[in-house]
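Trainee: Using the sequences plus the hints, can you model the full thing?
Letter by letter, the chains look like this.
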Amino acid sequence: EAQVTQNPRYLITVTGKKLTVTCSQNMNHEYMSWYRQDPGLGLRQIYYSMNVEVTDKGDVPEGYKVSRKEKRNFPLILESPSPNQTSLYFCASRKVHNEQFFGPGTRLTVL
Amino acid sequence: AQKVTQAQTEISVVEKEDVTLDCVYETRDTTYYLFWYKQPPSGELVFLIRRNSFDEQNEISGRYSWNFQKSTSSFNFTITASQVVDSAVYFCALSEGGGSNYKLTFGKGTLLTVNP
Chain A
-3 EAQVTQNPRY LITVTGKKLT VTCSQNMNHE YMSWYRQDPG LGLRQIYYSM NVEVTDKGDV
57 PEGYKVSRKE KRNFPLILES PSPNQTSLYF CASRKVHNEQ FFGPGTRLTV L
Chain B
15 AQKVTQAQTE ISVVEKEDVT LDCVYETRDT TYYLFWYKQP PSGELVFLIR RNSFDEQNEI
75 SGRYSWNFQK STSSFNFTIT ASQVVDSAVY FCALSEGGGS NYKLTFGKGT LLTVNP
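Protein sequences appear in the order of chains A and B. This note's numbering puts the first residue of the first sequence at -3, with every later residue one more than the last. This note's numbering puts the first residue of the second sequence at 15, with every later residue one more than the last.
In short, the hints are calculated from the structure, not lab data. The beta carbon of each residue, even a glycine, is placed where N, CA and C say it ideally should be. Some clues are possibly wrong.
[As the list claims (entries may be wrong)] Quick list of simulated restraints, FRET-style, between CB atoms: (1) B:Val99 with A:Thr18: 38 to 44 Å; (2) A:Lys14 with B:Asn72: 48 to 54 Å; (3) A:Thr105 with B:Leu125: 18 to 24 Å; (4) A:Leu37 with B:Gln97: 36 to 42 Å; (5) A:Thr1 with B:Gln83: 47 to 53 Å; (6) A:Leu107 with B:Lys30: 23 to 29 Å; (7) B:Ala15 with A:Lys14: 29 to 35 Å; (8) A:Glu58 with B:Pro55: 28 to 34 Å; (9) A:Pro100 with B:Ser85: 21 to 27 Å; (10) A:Tyr6 with B:Ser88: 36 to 42 Å; (11) A:Asp34 with B:Thr127: 17 to 23 Å; (12) B:Lys84 with A:Val10: 32 to 38 Å; (13) B:Ile74 with A:Gln(-1): 25 to 31 Å; (14) A:Gly36 with B:Ser56: 29 to 35 Å.
Mentor: This is how it looks when you write it as structure tokens:
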């Protein structure tokens, strides 16, 4: 089954404790992205990757890092999480210009 | 820069009513792609439709229909005979041909509530 998987689905952590949200897709897509969704703000792109070892900032990259060492994986790293990073996070992948497939979402709470 | 505006923040209807969700976009590209996604209360994002800028034909899929008008830069979505299961947040999105690194830009969404 074609899918994007994310883990964990729910995470509660404390300020400053490094965390990684994993993302994996099985569709051989070149393009992968991370979004955060906040009430009233819609979906905003954090980082994207056009292919292996090619990543770039989206609209709200501050406080986040990513890597793309393999085509299927695109982890999101929060080196020192802060409460303003409490949000719902989505990983996505697509073949350029085609529909974008989303993971199920990760609900992160930073205390 | 590309932009998507969904002016309706929330819409509430009674079951069986028809409802139209508006989407207006801005782009400088002549080649672009428009999408609609649905986010039900369970939270996942579900793809509904993709339309490219060269295809202005309206599309109908069951109770859903889409009206793409380049002259007004709009890509509106109509649900006919709405049902409670249609209650969700609906997002319109735009992807330019290549100038913006293929980013998919989303509107802020319209929360549709269908009451029994």
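Trainee: So which of those numbered hints doesn't the model satisfy?
Mentor: 1, 4, 5, 6, 9, 12 and 14
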